[in-house]
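Student: Turn these sequences into a full structure, and let the hints guide you.
Residue-level listing of the chains:
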Amino acid sequence: MSNMRRRHTSQQLKHGRKTIYLRHLRFLKSHHPYRRLKKAFNEHQETSSQPTPLIGVEVYEKANNIDHTFGKSKKKSYVTNIWKKKSIFFDLTYWSRLEVKHCIDVMHIEKNVCDSLIGTLFNINGKTNDGLNARLDLIEMNIRGELAPIEIGKCTYLPPACYTMSKR
Amino acid sequence: MMISGPKQPRNDIDVYLSPLIDDLKLMWDQGVEVFDGFANETFKMHAMLFCTINDFPAYGNLSGYSVKGHKACPICEEDTLLNN
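Protein chains in written order, with the working numbering: chain A, 1 to 168; chain B, 1 to 84.
Honestly, I wouldn't trust all of these hints.
Here are the simulated lysine-lysine pairs, BS3-like style, with alpha carbons at most 25 Å apart [as the list claims (entries may be wrong)]: (1) Lys18(A) x Lys39(A); (2) Lys84(A) x Lys68(B); (3) Lys7(B) x Lys84(A).
I should point out that these hints are in silico values taken from the structure, not numbers from a laboratory.
All of these numbers come straight from a predicted model, not from anything done at the bench.
Tutor: Structure below.
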């Protein structure tokens, strides 16, 4: 089971109630030292290599025979497909030959990532992502036992992580 | 382009994009005569859509790929296995 579980890249957090995507280590080079650091990450070595992105023609083949009508439909199709439609851009003759079709605008991503990084580093109340639920999820995943919350009477005490800065 | 309504068209954005695609097709196949004021002559202009710049939800709308749930990563795709 643990071997199976290791393969999964997305999983639902029990306490944080979010879908998370794991195993980013496989995007590193094949002999990168981080791949062998078990303790620092999820107690497993990462051996698999980076997935190859689909090239345009492959996407075209996948999306080509999707029957999709626009607008609201009363009947819901029961065929579950990760591709929802054949994009209209494929009408352009050169579209399936392009290497990079869609670029993601990084403005908002940068802002959100910086916000949560700074909030977590300075431990700002309400902004930090390192709360009780995050620690409970760590117990659930069986990693970083030293960060488990300690209950003293009524209060729960979160041990400071290695990056937490003190008030001074 | 303005799209009216309280909700965004989501996957149906293709319907609104079709005039743009028609123009782009014309520009790719035949080209359009354009007047160059500096050289005082007309030339045939060709154009192509190189890439789109959008945020991640719009990426799903434009490409037709689902960007939510278990298989949300467009690179890992099928390998983004779910955990039951």
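Student: So, for every hint listed, does it hold in this structure?
Tutor: The hints, checked one at a time:
no.: 1; hint: Lys18(A) x Lys39(A); in the structure: 24 Å, holds
no.: 2; hint: Lys84(A) x Lys68(B); in the structure: 12 Å, holds
no.: 3; hint: Lys7(B) x Lys84(A); in the structure: 19 Å, holds
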